[in-house]
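A.B. asks: Once you've looked at the hints, dock chain B against the given chain A.
If you read the sequences in order, they're chains A and B.
Position 132, counted from 1, in the first sequence is what my numbering calls 153; the numbers after and before it change by one each time, with no gaps.
Position 64, counted from 1, in the second sequence is what my numbering calls 85; the numbers after and before it change by one each time, with no gaps.
Derived by calculation from the structure, the hints in this document are not laboratory data.
This list has only true hints and no planted wrong ones.
Sample of chain B residues at the chain A side, in silico, Cβ under 10 angstroms:
hint, residue
1, Phe155
2, Ser197
3, Thr198
4, Ile210
5, Leu212
6, Gly213
7, Tyr214
8, Leu215
9, Phe225
10, Pro230
11, Arg235
Keep in mind it's a predicted model, so treat the numbers as computed, not measured.
The beta carbon of each residue, even a glycine, is placed where N, CA and C say it ideally should be.
Protein chains: 2
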Amino acid sequence: MVDDMSTPDPTTPGITIQAAHASEFPVITDILVDTFADDPGFLRWIPQPDPGNRQLRGLFELQLQTRYLPANTVDIARDEAGDIVGVALWDAPDSDHSALDEARLLPRLLTLFGARTPQFLAHGVRSARMHPRFPHWYLYTIASIPQARGTGVGTALLTHGIARAGEEAIYLEATSTRSAHLYHRHGFIPLGYLPNQDELPSEFAMWRPPAMPR
Amino acid sequence: MVDDMSTPDPTTPGITIQAAHASEFPVITDILVDTFADDPGFLRWIPQPDPGNRQLRGLFELQLQTRYLPANTVDIARDEAGDIVGVALWDAPDSDHSALDEARLLPRLLTLFGARTPQFLAHGVRSARMHPRFPHWYLYTIASIPQARGTGVGTALLTHGIARAGEEAIYLEATSTRSAHLYHRHGFIPLGYLPNQDELPSEFAMWRPPAMPR
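Chain A with its partners taken away, still in its complex shape (with noise of 0.2 angstroms):
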């Protein structure tokens, strides 16, 4: 589904996007724990204290295990030096993750959440409840090192997701207002808000249209 060509992106001189490899797990892995470790999104389920954030880890380790690579639906945005310095994960439109996946998963959720594995599931459940039932692809998250933020890496990876997903629609929650209104300078149209059941701030569902009927 990801391509599988380097593309150097238009807007972020310097950044290339590919699709990431097995072998780049770790690297991977380490964006995504040092860009959430403070997040209270994420840090809502992971039992405190979690030192070394090894139960975050965990969680996007059985994320990307069981979901991202398999579908090779991850990109890795690489500096001139060819470092890794930005990862999104997608899901394609074909994809089928139902809530039945994460039940199979169940001990494995229960050594990293504990009894806060309830809430977790019940929470998937209720945002996939939420997505569109009309095709598209979904942006689960994009990361990046901390010194490579505000420098476009995001956005590259964003555009590169863009241009992919064509004339199909995509999904996404941006989780701030700001987020929200960069996205929607990406054509990303509103929603509204998820339901929410604990005091964080709402996320804000965005769709990006698919192409209109000719």
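C.D. replies: Here is chain B on its own, set in the frame of chain A:
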């Protein structure tokens, strides 16, 4: 829900939009029957022959009585002589019409649709499943008298509903490529084709976005 004031439509001189009253029920039903008497989307449910469109009329009477008139979400368009020349049926964002409502109406549905009742109910469930889960107005249908077609009556009813929705979203299913492009010009973006179980052309779902977060 629907405003009580008459609104001279700015885009269609001479047309005034207002909320329907129960006394206008027969005229509204006439317009709906005349508009859709040859519509394959409605006729697939109506056992044929249907002399005088009696069963088709029964369907619209049922929908108006049980759903649209109680909710006060029927708009009518009047021409300069005061005659009703068009009608639009809406569901408000806080309305809750489930398959259960229709199950309660089963005896009347069986009278109308006979052996086609299960298909009609299944179609309703499938359509409801495709509605976005985010709050929205739903534009069920717009109809106008034959003499008024092409004169902007439909557009007047649409722009009235758009103005009422304000910062709220609107969802609809376009039944033709032509109408999809008309809605597109009024700010509706594509969601995708509805899944289809018969030989009729697929309906195309569209969304007029709510306001962005501020």
